[in-house]
Amino acid sequence: MLGRIGRWIDERAHLSELWQSQMVDYKVPKNLTFPYAFGIMALVAFAIQVISGIFLTMYYQPNVHTAFDSANYTIMKEVPFMWLVRHVHAAGANFFLAVVYLHIFTGIYYNAYKKPRELTWIVGWVIYFVLLTTALTGYLLPWGQLSYWGMVVTAEIPTSIDSAPIIGKLKIGETISIWMKGGYEIGQITLGRFFGLHIWLLPLILLLLLSIHLYLVRAAGISNPEGIEIDKKKEGVPFHPYMTLKEGAYVMGYLAVFFFFVFFHMSHFLPADNYDPADPFKTPAHIAPEWYLLAYYTIFRSIPDKFLGFVAFNLTLVLLLLLPFLDFSPLKSARRRPLFLIMFIVFVISSMVLTVLGTMPPTPTNALLGLIFTATLFAFFLSLPIISLIEWGWYKARGGEKK
Amino acid sequence: MIKTVFFTGITLIFFYIIWIHNIFAHREKYEMPAQYAKIADDVKSYAKEGKQLFEQNCQACHSVRYDAVYISSVQANPKLQTLQEKYGKVLPRDVYEAVFYEDLMALKQSFGKVPPDLSTIYLVKGKEYLFNFTLEPQKVLPGTSMPAVMTGRPEETAKIIAYLKSVAEPSPEEKNKRMLMGVGTIAYLIVMGVLLWLWRGRILRKMGLH
Numbered sequence: 001m002l003g004r005i006g007r008w009i010d011e012r013a014h015l016s017e018l019w020q021s022q023m024v025d026y027k028v029p030k031n032l033t034f035p036y037a038f039g040i041m042a043l044v045a046f047a048i049q050v051i052s053g054i055f056l057t058m059y060y061q062p063n064v065h066t067a068f069d070s071a072n073y074t075i076m077k078e079v080p081f082m083w084l085v086r087h088v089h090a091a092g093a094n095f096f097l098a099v100v101y102l103h104i105f106t107g108i109y110y111n112a113y114k115k116p117r118e119l120t121w122i123v124g125w126v127i128y129f130v131l132l133t134t135a136l137t138g139y140l141l142p143w144g145q146l147s148y149w150g151m152v153v154t155a156e157i158p159t160s161i162d163s164a165p166i167i168g169k170l171k172i173g174e175t176i177s178i179w180m181k182g183g184y185e186i187g188q189i190t191l192g193r194f195f196g197l198h199i200w201l202l203p204l205i206l207l208l209l210l211s212i213h214l215y216l217v218r219a220a221g222i223s224n225p226e227g228i229e230i231d232k233k234k235e236g237v238p239f240h241p242y243m244t245l246k247e248g249a250y251v252m253g254y255l256a257v258f259f260f261f262v263f264f265h266m267s268h269f270l271p272a273d274n275y276d277p278a279d280p281f282k283t284p285a286h287i288a289p290e291w292y293l294l295a296y297y298t299i300f301r302s303i304p305d306k307f308l309g310f311v312a313f314n315l316t317l318v319l320l321l322l323l324p325f326l327d328f329s330p331l332k333s334a335r336r337r338p339l340f341l342i343m344f345i346v347f348v349i350s351s352m353v354l355t356v357l358g359t360m361p362p363t364p365t366n367a368l369l370g371l372i373f374t375a376t377l378f379a380f381f382l383s384l385p386i387i388s389l390i391e392w393g394w395y396k397a398r399g400g401e402k403k
Numbered sequence: 001m002i003k004t005v006f007f008t009g010i011t012l013i014f015f016y017i018i019w020i021h022n023i024f025a026h027r028e029k030y031e032m033p034a035q036y037a038k039i040a041d042d043v044k045s046y047a048k049e050g051k052q053l054f055e056q057n058c059q060a061c062h063s064v065r066y067d068a069v070y071i072s073s074v075q076a077n078p079k080l081q082t083l084q085e086k087y088g089k090v091l092p093r094d095v096y097e098a099v100f101y102e103d104l105m106a107l108k109q110s111f112g113k114v115p116p117d118l119s120t121i122y123l124v125k126g127k128e129y130l131f132n133f134t135l136e137p138q139k140v141l142p143g144t145s146m147p148a149v150m151t152g153r154p155e156e157t158a159k160i161i162a163y164l165k166s167v168a169e170p171s172p173e174e175k176n177k178r179m180l181m182g183v184g185t186i187a188y189l190i191v192m193g194v195l196l197w198l199w200r201g202r203i204l205r206k207m208g209l210h
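Heads up: the sequence lines are chains A and B, in that order. Throughout the first sequence, residue numbering follows this note's numbering, covering 1 to 403 in sequence. Throughout the second sequence, residue numbering follows this note's numbering, covering 1 to 210 in sequence.
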């Protein structure tokens, strides 16, 4: 019976043809490494966020008086199993960003941003930016002390434009800050607009961008760890079942780690300080953004001039966007580019150190360390054109396409 | 090979530091004698007694709204019951603060601020801080308006902490259930992952792709 229904639908929708052409006849390189699975893990993480988020919206109340209680009493105590949904959503947000970071670093390592994949990289960058906004807006919703004060600090950051020499007079920063908050202080209007952005507008934008990103991955083909474009008809393996089952097994492992945190280690994802209801008259001792923003925060904080700090951390984002154009070397993949590998290691270590520095109190030593690692972070981006020129030399000396 | 080990290593170290145990972050540590820590942790035996002690010593100023325990003057107010019939035992915060505004303001006049609700305080501060602070408020937080009600009564303080823990955290039975659920879920995912891997091996051998 089920088979007959299936055939009836298939005759009309041609789903099996679609499956055959898009999953089986679609060939990918055989030598894809483990880090290539971060993409599918990010997709799974997105699905988890959407599903758990739908259930959370059913009980959450976007109201300054009741938001905290709806999160910590209704959801955590009153409704059966909603604690699990909240744990999944809170841990899921962190895992999503972690996996996206790993995906970005993998892309940089294998030079997946190079021709013909520049557009995939650019759309991916926009996804990353929207994702950060989604995380930021969602963080305010539980209306705890960390949510509230974290947003107070974040909304202050644009005002540093106003300390610039000439454009500061225009008070653009203050305007942006007021526009973010919906007024001079964080209150009901802020919560309302953040709730709206977080639950439907930003996720919809994410979904759209995600589809474009996936389409572009298909259109340009998956990159190769060796940095050589393969002849897919000869060397490729069918995406299904070769890749689907391999990545399926990896996703199971990923979910096992994820659920370990969900059930046994939530103290980072639902931090103790956020069980304190938001109080505008009580400033907590240590305010720092969430870990995924800490590297930018440290860059901002270590540079003595406020405006320059603002420029520097935005420049990091812009340089990340311009990566395909900074790196114009004919060679691909860190496996074949020793100079690039060295600078990549410098880049990874500096971004990790900057993140960890963000969790530490702002002493002069830490500020100096922050400056040093900001410099090494920028050194990675600035070294790319130089490395590219050197590699063009090697490439020409070896006579072009030949290895 | 060495690159794989290196990148996996630093990634794991990085996430260990920021997600599990940050060795660089500064944290204030408070000590608590082991015998009292044991009482505070034993929700099953002491939470009930702790609630009575809370009513005698703390309820004049502090509420525990998630357990439907309100400050004494509110508890004596007949309005409370009418409201509870309408809104449920745990009143919405805005209703509670609006209806009993005068009671809360009376406390604010004597203490400078409305004493906080203690529903989630256990999760925020932890038992060690609560123990030290309740016994000697001025020593832990100089200038606080919290009176030294419990000074010299460490055992009773520990029992009150056990009560606050019972309100903030899931009950021991519930915790056991959650642990079983967690172990079950993780075991299921690992088994499925392994099975998927083995099945893939068989299919690939059939297809000659192995």
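Errors might be hidden in some of the hints.
Said to hold, decoys possible - Under the rule of at most 35 Å between Cα atoms (straight-line distance), these lysine-lysine pairs were calculated in the DSBU-like manner:
(1) K48/B <-> K246/A
(2) K139/B <-> K282/A
(3) K234/A <-> K3/B
(4) K246/A <-> K177/B
(5) K181/A <-> K396/A
(6) K77/A <-> K48/B
Bear in mind the hints are in silico, worked out from the structure with no lab data behind them. The model shown is predicted, which means the values in this text are computed figures rather than measured ones.
Q) Hey, K139/B versus K282/A, does the alpha-carbon distance stay inside 35 Å? A) The given pair, whose Cα atoms are some 20 Å apart, holds under the 35 Å limit.
**Q.** Restraint status (C-alpha distance of K234/A to K3/B at most 35 Å)
**A.** holds (30 Å)
Q: Would you check the hint for K246/A and K177/B, treating anything up to 35 Å between C-alpha atoms as holding?
A: holds (33 Å)
**Q.** Holds or violated: K77/A to K48/B, with C-alpha atoms at most 35 Å apart
**A.** holds (19 Å)
**Q.** Restraint check for K181/A with K396/A, where alpha carbons must lie at most 35 Å apart
**A.** Cα-Cα ~55 Å, so violated.
Q: Mind checking the alpha carbons of K48/B and K246/A for me, to see if they're no more than 35 Å apart?
A: violated (53 Å)
Violation of the numbered hints given earlier is confined to hints 1 and 5; the remaining hints are satisfied by the structure.
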